[in-house]
Amino acid sequence: MIFGLVQILLFQSLGELISQLLLPTLPGPVIGLVLLVLWLVIRKGVNAELAMVADGFSQHLGLLFIPAAVGVVLFLPQLKANAVAIISALVGSVVLTIAASALVARLLSKKTVHE
Amino acid sequence: MSNQHSIVEIWVYLSGSPLFALFITLAAYQVGLTIYKTSKQNPLANPVAIAILLVACTIQIIEMPYSTYFEGAQFIHFLLGSATVSLAIPIYRGLHSLKGRSIPLVFSLATGGLISIASAVGIATLLGADSSITGAMYPKSVTAPIAMGIAERIGVSPTLTAIFAVSTGILGAILAPFVLNALGIKAWWQRGFAIGVGAHGIGTSRAFSIHPEAGTYASLAMGLNGVISAVAVPVIYHLFNK
Chain A
1 MIFGLVQILL
11 FQSLGELISQ
21 LLLPTLPGPV
31 IGLVLLVLWL
41 VIRKGVNAEL
51 AMVADGFSQH
61 LGLLFIPAAV
71 GVVLFLPQLK
81 ANAVAIISAL
91 VGSVVLTIAA
101 SALVARLLSK
111 KTVHE
Chain B
1 MSNQHSIVEI
11 WVYLSGSPLF
21 ALFITLAAYQ
31 VGLTIYKTSK
41 QNPLANPVAI
51 AILLVACTIQ
61 IIEMPYSTYF
71 EGAQFIHFLL
81 GSATVSLAIP
91 IYRGLHSLKG
101 RSIPLVFSLA
111 TGGLISIASA
121 VGIATLLGAD
131 SSITGAMYPK
141 SVTAPIAMGI
151 AERIGVSPTL
161 TAIFAVSTGI
171 LGAILAPFVL
181 NALGIKAWWQ
191 RGFAIGVGAH
201 GIGTSRAFSI
211 HPEAGTYASL
221 AMGLNGVISA
231 VAVPVIYHLF
241 NK
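Going down the list, the sequences are from chains A and B.
Residue 37 in my numbering is what sits at position 37 of the first sequence, and the numbering runs on without skipping anything.
Residue 29 in my numbering is what sits at position 29 of the second sequence, and the numbering runs on without skipping anything.
Since the hints were derived computationally from the structure, they do not count as laboratory data.
As the structure is a prediction and not an experimental result, all values here were calculated from the model.
Some clues are possibly wrong.
Example chain B residues on the side facing chain A (calculated, C-beta under 8 Å, incomplete) [unchecked claim]: (1) Ala56; (2) Gly128; (3) Leu239.
Label-pair distances were calculated between CB atoms; the ranges are [to be verified]: (4) Gly92/A with Gln41/B: 18 to 28 Å; (5) Gly45/A with Gln60/B: 41 to 51 Å; (6) Ser67/B with Asn47/A: 14 to 24 Å; (7) Ile61/B with Met1/A: 34 to 44 Å; (8) Phe3/A with Ala27/B: 21 to 31 Å; (9) Lys37/B with Val6/A: 13 to 23 Å; (10) Gln60/B with Met52/A: 30 to 40 Å.
Computed footprint of chain A on chain B; a stretch qualifies when at least three of its residues, placed anywhere within it, have a C-beta under 8 Å from a C-beta of chain A [what the hints assert, rightly or not]: (11) 89-98; (12) 130-136; (13) 153-164; (14) 177-189; (15) 193-204.
C-beta: ideal position from N, C-alpha, C; glycine also.
So here's chain A without its partners, still in its complex pose (with noise of 0.2 Å):
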């Protein structure tokens, strides 16, 4: 487990350093996700330590995003005012994209087969 924690941090260091130095734009953590993807395709297999530690973190990821959303407390005025707008926004949009999503993945999938 401790090995699987090293190269997460590792990879989450490396990416921090690349989005300091020369790449801005791109929040560290997403950086080290794609600079690690690579590492497993060059090495071809993710160790058992990291697997678990990648699945734990998978797994409570929910757990993670409680002391941001908390944060709901200091918006609470906002969104009330809000409310109908957002919630119109979330329920739309959540249909319209599963929707398109899965009809352009049915749609283009059955063309390949066809030819």
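Fit chain B to the given chain A structure using the hints.
Frame of chain A, contents of chain B only:
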């Protein structure tokens, strides 16, 4: 008297140290998980939503300022960056499923990503939401850790973005089966991928609990959407907000 005095002292000590914030965050999440399990994984009983509600109510009741809470809870918040990096593993595992289906998947992702931004920002603007709200709508279909990173870059509130992202995930997990059934989408990989594009992390864990193939494609969609959005959303945002 002296007994009461020492309780106050202990309270002052506890509320000043990170211990209290860490404790209520983890305890609230545990309560959320327990409710989720006892409700047989009902998507309405989302553990994260329950935990946010519990912590928000608790700090309101004890009149703890949010900044004090966050000072303690930032140790959990910090791990978002590490969690983002660890998304590399599901992306890597999903890469081989891209083969042979890369064209439908890439176009599905691009269409979904653009429609997500256009519809959310469009509907919110039409209904008169102010610019801080519409700004935070841009990255809302991206998995929350990356969405918050994007929010910081484009100068909108990461908190509002996190709230919208989490709500999107919950809504997507609830609504996706109805939408996909109504459209007659049957293939698991198409269903999973669409859920990953539209409802990122929470949708993905829901997809995994329904079918492993749907889950793999959902996590691939979530990861790719996150990486591409980190590049594209700031560009799109600056195009419309000069």
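Taking the hints in turn, this is what the structure says about them:
Checking Ala56/B against chain A: minimum C-beta separation of about 5 Å stays under 8 Å; hint holds. Against a cut-off of 8 Å between C-beta atoms, the interface hint on Gly128/B holds, since the closest Cβ of chain A lies about 6 Å away. For the restraint placing Leu239/B at the interface with chain A, the shortest Cβ-Cβ distance is roughly 14 Å, beyond the 8 Å limit, so the hint is violated. A hinted range of 18 to 28 Å holds for the C-beta pair Gly92/A and Gln41/B, which are about 26 Å apart.
Remark: the range hint 41 to 51 Å for Gly45/A to Gln60/B is upheld by a beta-carbon distance near 48 Å. Ser67/B and Asn47/A have their C-beta atoms about 40 Å apart, which leaves the hinted 14 to 24 Å range violated. For the pair Ile61/B and Met1/A, the supplied restraint of 34 to 44 Å holds, since their beta-carbon distance comes to about 37 Å. The hinted range of 21 to 31 Å is satisfied by Phe3/A and Ala27/B, whose Cβ atoms lie roughly 30 Å apart.
With their beta carbons about 33 Å apart, Lys37/B and Val6/A fall outside the hinted range of 13 to 23 Å. Distance hint check for Gln60/B and Met52/A: the Cβ-Cβ separation is about 38 Å, which falls inside the suggested range of 30 to 40 Å. Counting residues of the region 89-98 of chain B whose beta carbon lies closer than 8 Å to any beta carbon of chain A gives 6, which reaches the threshold of three, so the coverage claim holds. For the region 130-136 of chain B, the stated coverage by chain A is satisfied: 3 residues place a CB nearer than 8 Å to a CB of that chain, which reaches the threshold of 3.
Figure legend: the region 153-164 of chain B, annotated as covered by chain A; annotation consistent (8 residues with Cβ-Cβ distances under 8 Å, at least 3 required). Check on the region 177-189 of chain B: 6 of its residues sit with their Cβ under 8 Å from a Cβ of chain A, so the three-residue criterion for coverage holds. Look at the region 193-204 of chain B against chain A: 8 of its residues bring a Cβ nearer than 8 Å to a Cβ of that chain, three or more, so the hint holds.
Taken one by one, the earlier hints fail for this structure at numbers 3, 6, 9, listed in ascending order.
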